Amino acid sequence: MANVIWGLATSHVPSIGAAMDNGKTEDPYWKPLFDGYAPARKWMAEHPPDVAVIVYNDHANAIGMDLVPTFAIGTADSYDVADEGWGRRQVPPVVGAPQLSEHLVRELVDSSFDIATANRLDVDHGLTVPLSVYCSEPGEAWPCTVVPVLVNVIQSPQPTAARCYEFGKAIGQAIRSFPQDSKVAVFGTGGMSHQLAGARAGLINEQFDRWFLKKIENDPEALAALTREDYVREAGTEGIEMIMWLVMRGAMSTNISRVHDAYHVPASNTAAALALFDDLGDRPETAT
Amino acid sequence: MKGKTMLDTDEQPTGSQTKARDDYLLDVEHTRQGYALNQMCGSLIRAENRARFSENEARYCDEFGLSPEQKQAVLERDWTAMMNLGGSIFYTFKLATLDKKSMQYLGGVFTGMSTEQFTEALRSGGRRFG
Ligand SMILES: [Fe+2]
Chain B
1 MANVIWGLAT
11 SHVPSIGAAM
21 DNGKTEDPYW
31 KPLFDGYAPA
41 RKWMAEHPPD
51 VAVIVYNDHA
61 NAIGMDLVPT
71 FAIGTADSYD
81 VADEGWGRRQ
91 VPPVVGAPQL
101 SEHLVRELVD
111 SSFDIATANR
121 LDVDHGLTVP
131 LSVYCSEPGE
141 AWPCTVVPVL
151 VNVIQSPQPT
161 AARCYEFGKA
171 IGQAIRSFPQ
181 DSKVAVFGTG
191 GMSHQLAGAR
201 AGLINEQFDR
211 WFLKKIENDP
221 EALAALTRED
231 YVREAGTEGI
241 EMIMWLVMRG
251 AMSTNISRVH
261 DAYHVPASNT
271 AAALALFDDL
281 GDRPETAT
Chain X
1001 MKGKTMLDTD
1011 EQPTGSQTKA
1021 RDDYLLDVEH
1031 TRQGYALNQM
1041 CGSLIRAENR
1051 ARFSENEARY
1061 CDEFGLSPEQ
1071 KQAVLERDWT
1081 AMMNLGGSIF
1091 YTFKLATLDK
1101 KSMQYLGGVF
1111 TGMSTEQFTE
1121 ALRSGGRRFG
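Going down the list, the sequences are from chains B and X.
The opening position of the first sequence corresponds to residue 1 in the working numbering, with each subsequent residue numbered one higher.
The opening position of the second sequence corresponds to residue 1001 in the working numbering, with each subsequent residue numbered one higher.
No lab work stands behind these hints, which were simulated from the structure alone.
Wrong hints could be hidden among the right ones.
Simulated coverage check for chain B against chain X, where a stretch passes if three residues somewhere in it have a Cβ under 8 Å from a Cβ of chain X [stated by the list, open to error]: (1) 57 to 71; (2) 83 to 97; (3) 148 to 160.
These numbers were taken from a predicted model, which means no experiment stands behind them.
The C-beta atom is built at its ideal place from N, Cα and C for all residues, glycine as well.
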């Protein structure tokens, strides 16, 4: 049977990808961020998954305003890297895991999450930057296949934080009932606090971010209890995308341990963070 | 969670001399109003569309059915007016990219700061409210 081996929460700011693509990770502006990633990257490289379920949002690249699904899952064999208007990132195409996608879709609909499905999906920085956070030098191919999970965090009303957490739990259950032996990592992406437009543009709320980083491990219910207005007020109109971390957290078991985290301001206009959790499942806490 | 919210503070953050609203929530009413504008900006991810736009901006806007106000905002690069007329930053940013303007430039526009001031505000921990 499949199981969730770890969960990674990470920002997906485009400039983090650009810094890697343009060899700027040692620049004084970027070095602290990438130094913060290093221990997590080392651990992940030692615990490679077969499949990554990546929870993210599209940013006007694959999904327009014609049709805005609240939750959607990619079901394709592969996904092209999107040209977001400044040229494609020079990273490998993303190989899908269509059997797991198909299983997730069926199980989720049966558990009353009536999600949309996508046979074609050009994946933007929301998905490829987290993959690069996991694996900075993929070479010709990413080291795992991918199931993209899309959440509408742009048009209001976004799904509630509580619903995202429940959605994650249903995804976790569905993964654990997948009959193939595969190791699955779940990525929750986006955040942390930031706001791109309006008079509050440039907002950063470190106090809220650090509280969130702490609670995501052992008290996700406190985060699920916040309203959409709470998220916008505290984390900014774009910071609300942190609700996608709750999907990741919901998919993990209650028995997790924190491997590493890092918090850095700024990455462009955003507070950037990473938090990595080992899913101990029914293993004893002392096992490594 | 927290007793005091940033909305009940009377302390004005620096550089708040701007006609932008504090927050653009992009509810369904907003995205309905901004549909043509956002679709037009979104189309600019394709090189052939960028070329056609640059050839004749007004005609390109008409093809997408922008309102006269939206079209004027685009032609004048009035980024705040675009937001007030239903724009989404992820879409209007495609137009800014065509103009080689950064998200920090736009942040400066929305907050009444220069790009340098806005970038510096981020580097020193971001703008705090409440
Ligand atoms: Fe995002």
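Each hint, compared with the structure:
no.: 1; hint: 57 to 71; result: holds (count 7)
no.: 2; hint: 83 to 97; result: holds (count 4)
no.: 3; hint: 148 to 160; result: holds (count 4)
Consistency note: the structure conflicts with none of the earlier hints.
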